[in-house]
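Residue numbers (our numbering), protein chains in the order written: chain A, 1 to 475; chain B, 1 to 429.
Because the hints were derived from the structure by calculation, they are not lab data.
Glycine included, each C-beta is placed from N, C-alpha and C at the ideal position.
Any given hint could turn out to be false.
[Unchecked claim] Computed spacing ranges between beta-carbons, pair by pair:
| id | chain 1 | residue 1 | chain 2 | residue 2 | range |
| --- | --- | --- | --- | --- | --- |
| 1 | A | Asp87 | B | Asp47 | 42 to 48 Å |
| 2 | B | Asp45 | A | Val243 | 37 to 43 Å |
| 3 | A | Tyr322 | B | Ile103 | 57 to 63 Å |
| 4 | A | Asp448 | B | Glu44 | 22 to 28 Å |
| 5 | B | Thr359 | A | Pro267 | 31 to 37 Å |
| 6 | B | Glu44 | A | Val432 | 50 to 56 Å |
| 7 | B | Asp58 | A | His81 | 45 to 51 Å |
| 8 | B | Ala32 | A | Val243 | 48 to 54 Å |
[What the hints assert, rightly or not] Dumping the calculated BS3-like pairs for lysine-lysine here, alpha-carbon to alpha-carbon at most 25 Å:
| id | chain 1 | residue 1 | chain 2 | residue 2 |
| --- | --- | --- | --- | --- |
| 9 | B | Lys101 | B | Lys317 |
| 10 | B | Lys382 | B | Lys101 |
| 11 | B | Lys386 | A | Lys452 |
| 12 | A | Lys452 | A | Lys385 |
| 13 | A | Lys361 | A | Lys297 |
| 14 | A | Lys60 | B | Lys23 |
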Amino acid sequence: MRRFCLSRVLFDTDLVAGVSSRILSHLRHKSKYTTAPSMQKNQCCVKLSVQPSRGLIDEKVTVLVQNTLPGFQVTVHALHHSEDGHDWEAFGHYTANNTGTVNVSEDPSLGGTYSGVEQMGLLWSLRSVPGSKPWLRMRKINVQTPMEFKISVYQGHRTEGFTDQVPLAGVVVERWYMAPGVRRVPITEDGLTATLFLPSGPGPFPGLIDLWGGGGQLVEYRAALLASHGIAALALDYLTPKVTMETGKMVEMDYFERAYRLLEQHPQILGSRIAMLGLSFGTSMTLRMAVYSQVMKLRCAVCVSGSHVQPIEGSVKQILEYFNENGGKTRFNEENQVIWRDLLLPIPTDPAFKVEVGRLKCPLMLVVGEDDQNWPAPESAKDIKEMMEQAGNSHLLTVLSYPNTGHLIEPPYSPHFRASLFKTVDTHQKMVVLWGGETVAHSRAQEDAWRKMLVFLRENLYGSSNPRAASFSHL
Amino acid sequence: MSQTIPPVLSVHPTRALVDEAFKVVVTNLPPATPVTLHALHYSEDKDYWEAFGHYISDHRGMVSAAQHVSLGGTYTGIEPMGLLWSMCPEPGSRTGLRLRKRIVTSPMLIHISVYSGHITVGFRNQTPLASVLTERWYMAPGVQRVEINDKRVRGTLFIPPGPGPFPGLLDMWGGGGGLLEYRSALLASHGYVSLALEYFSPGELQTADLQIQYFEVSFNIVKDHPQVISDKVGIIGLSLGAIIAFYIASESKVAKPHCCVCISGHHIFAFGETIGSVQREQQKELKARVDENNYRIWRDVRLPVPSDPSEKIDVRKITCPLLLVTGNDDQNTPSVEAAEDIAQMMSSSGRQHLLSTLTYPDTGHLIEPPYSPHFRATNFIKPTTKEKVIVLWGGRTKPHSDAQEDSWRKILAFLEQHLYSRTPPKARL
Chain A
1 MRRFCLSRVL FDTDLVAGVS SRILSHLRHK SKYTTAPSMQ KNQCCVKLSV
51 QPSRGLIDEK VTVLVQNTLP GFQVTVHALH HSEDGHDWEA FGHYTANNTG
101 TVNVSEDPSL GGTYSGVEQM GLLWSLRSVP GSKPWLRMRK INVQTPMEFK
151 ISVYQGHRTE GFTDQVPLAG VVVERWYMAP GVRRVPITED GLTATLFLPS
201 GPGPFPGLID LWGGGGQLVE YRAALLASHG IAALALDYLT PKVTMETGKM
251 VEMDYFERAY RLLEQHPQIL GSRIAMLGLS FGTSMTLRMA VYSQVMKLRC
301 AVCVSGSHVQ PIEGSVKQIL EYFNENGGKT RFNEENQVIW RDLLLPIPTD
351 PAFKVEVGRL KCPLMLVVGE DDQNWPAPES AKDIKEMMEQ AGNSHLLTVL
401 SYPNTGHLIE PPYSPHFRAS LFKTVDTHQK MVVLWGGETV AHSRAQEDAW
451 RKMLVFLREN LYGSSNPRAA SFSHL
Chain B
1 MSQTIPPVLS VHPTRALVDE AFKVVVTNLP PATPVTLHAL HYSEDKDYWE
51 AFGHYISDHR GMVSAAQHVS LGGTYTGIEP MGLLWSMCPE PGSRTGLRLR
101 KRIVTSPMLI HISVYSGHIT VGFRNQTPLA SVLTERWYMA PGVQRVEIND
151 KRVRGTLFIP PGPGPFPGLL DMWGGGGGLL EYRSALLASH GYVSLALEYF
201 SPGELQTADL QIQYFEVSFN IVKDHPQVIS DKVGIIGLSL GAIIAFYIAS
251 ESKVAKPHCC VCISGHHIFA FGETIGSVQR EQQKELKARV DENNYRIWRD
301 VRLPVPSDPS EKIDVRKITC PLLLVTGNDD QNTPSVEAAE DIAQMMSSSG
351 RQHLLSTLTY PDTGHLIEPP YSPHFRATNF IKPTTKEKVI VLWGGRTKPH
401 SDAQEDSWRK ILAFLEQHLY SRTPPKARL
């Protein structure tokens, strides 16, 4: 028998108020914010939305501010608290239109850390907050958690004191290097120090060896992001791997060949579709392996901000020694920041000091910043092109050259660092190194290069079976 | 090891809120190749749910759910989101199931896969060509979940990120009872402080639990919250929750909602009525029908709509904007007939301008957020007797899913209009 009654019992408004206020006082202390003093309780509130609220690091977001007054001035602000405990911020000054709306994708920023119509300016123009230690660089080490950004909108055109003011509205955005389903597999077998990222799904997938530069360590984020794009990527530590740290001996070519074999034999990786991607010193290794390794049959290679200049008969250790011998060519700018681009200049004419790129059999993409103050990447690219034209294999070469772009060409929307603290593996000295580049141009280059790199990798790794046939189709 | 070119399956975005659309595209297939797109979800109740569509790749070797026709499966036609809304339990599953997420702090995990050929069964026993894991979230990042554990009010409060203040909502489900948080979590992700209210446990609907006070206290928890704009609090209710919304909006001297959304509800409830009366109960039991499967059809229990206003909630007293959402194949509740009567009653008090009604064809009772699967009949525990039955909710899957998509968008627009928009100064005059 149903007994359901909505009878109007004589209610006691005090009782109702008493109960609810008791519950509320408990809730009040849980509330993280106090109400913005400029907004009274009976006013309407500014609405801030950032779409999507969860995305990959190379995806765009749309930032919309609504419900302000026509012509209202606001500052849209991004704040990130990095894993190493530092704070980073970016902001733009906007004026709402006649409906009280600001759309960051369409409206110009009138000032701040970026200006003009910049959909992603809140991310790529991030910089240390005032009072931070100088010359920091923002890099995510733990790729299994997202980067969290607090996007807020403040009243008026502000340039400082954001933490002292309550914003009109705020949202949280998650930016991920790893898509759902990507698996992270630490690798210690065969004496390797590496992490393998496998894309979501049964596979098999094309593979890639991912190399960073002279700072060493095991840097995972780019490999994680590539796996999110369907490529099984191995982040490989080749300067500070366990074996080197324990024995003091640097690795040799066979270390890279063991990494290649690991991918080739992996049940979820297509052995005939393995590429290599290197940045900075990683380029030196990539070109060496691509040309000289008998074991590695690379499908294609991408070299960012690097050079083919190295003693080709020398060991990896001897390559580093070669750089050090030229240490006298180090220059300093007026801020005493280190400029290392001259160490390999002029580009040698002696073939013993340049990887014989004329013998390359696979497509090669070079990405260079024309303001690279750390490596002579533009000069090297020019020389590589000449060598390949002379050898007759220049149809394999694509050069992406970006003006006003520095050395650290990272995935898109990463902040730009013109100079930062750096410690090379062999000198163990920390100094401020000049990387170069001007922020706006450098950020555009990062976006364009990444897109083109992905297309290049996809075409070569997922394309038809015979890459040589594909390349001849351009004739 | 196979050296063939692997197809590429992309689902974009891979992390999204449950009401956001995604694009499913397969590339790198040979041209004119039959494939099956498949979605798989393993629920909290440990059942497998799936949906699938049969496609043929075009001359470029591509399949796109948004552009190409599904030739068969759990959905057909050009249906970008068919892989979600057409989900049903795997063959061999328990019967009468309903898919509802209880734990909203974690996402629904859905595996989207592409299989070779046109297959209809045994997906889990085959290896797909490619597979992508996607996350579907009820909670946006930064949304706070606060349990209300006072013995007087049971519920969960969801607070959007940011300082606020925000408009608020009291959110009530229906006769199934219990505490369901997902709609409130989603509303908070859209900028509303929302209280998901539990007002009885399944099967334990007793008189004592349903005093109007309980709902007034709950409403005030939202209204008086430091991050809520006190004169911008609305109510959203489905089924029994909608009935309660009508009642509060008409009768409460304490809780004054700024607007109400009433989904699949009615007003055919006598104020002061106790259904304990045996006679009326017998009459009602007679009107409860069953179909050929013994599924309970309860839509007639309260029909015909009485003409005597004392046998109904007096909606003539409602002074706030009201949005009614109804399905004309609702087999559980006479929401369409009630909506017509409500319109007449509000006209008689000159307040018809406050009322908007959405009535969807071939749509049943359970009008949920978009892309939720459709449930024509499910297991149900009768509110007062704890008896387990199967209730017929109604609706046909495709039109019902369209209704869910359309109504949600309109509900959000209605809430934004009344709870967020700045009223121009002259409207106050």
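Verification of the hints:
1. Range check, Asp87 of chain A to Asp47 of chain B: about 46 Å between beta-carbon atoms, so the 42 to 48 Å window is met.
2. Distance hint for Asp45 of chain B and Val243 of chain A: a CB-CB separation of about 50 Å, inconsistent with the stated range 37 to 43 Å.
3. Tyr322 of chain A and Ile103 of chain B have their C-beta atoms about 59 Å apart, which keeps the hinted 57 to 63 Å range intact.
4. Distance hint for Asp448 of chain A and Glu44 of chain B: a CB-CB separation of about 44 Å, inconsistent with the stated range 22 to 28 Å.
5. In this structure, Thr359 of chain B and Pro267 of chain A break the distance hint of 31 to 37 Å, their C-beta atoms being roughly 56 Å apart.
6. Taking 50 to 56 Å as the suggested C-beta distance range, the pair Glu44 of chain B and Val432 of chain A conforms, at roughly 53 Å.
7. Distance hint check: the CB atoms of Asp58 of chain B and His81 of chain A are about 47 Å apart, consistent with the given range 45 to 51 Å.
8. For the hinted restraint 48 to 54 Å between Ala32 of chain B and Val243 of chain A, the CB-CB distance of approximately 52 Å keeps it satisfied.
9. A distance of roughly 36 Å separates the Cα atoms of Lys101 of chain B and Lys317 of chain B; the hinted pair therefore is violated under the 25 Å criterion.
10. Our distance criterion of 25 Å between C-alpha atoms is met by Lys382 of chain B and Lys101 of chain B, whose separation comes to about 21 Å.
11. Taking the CA atoms of Lys386 of chain B and Lys452 of chain A, the gap is near 62 Å; set against the 25 Å cutoff, the hint is violated.
12. At most 25 Å may separate the alpha-carbon atoms for a hinted pair to count; Lys452 of chain A and Lys385 of chain A meet this at roughly 19 Å.
13. At most 25 Å may separate the alpha-carbon atoms for a hinted pair to count; Lys361 of chain A and Lys297 of chain A meet this at roughly 9 Å.
14. As the CA atoms of Lys60 of chain A and Lys23 of chain B are separated by approximately 16 Å, the hinted pair is consistent with the 25 Å bound.
Hint compliance for this structure: hints 2, 4, 5, 9, 11 are not met, and every other hint is.
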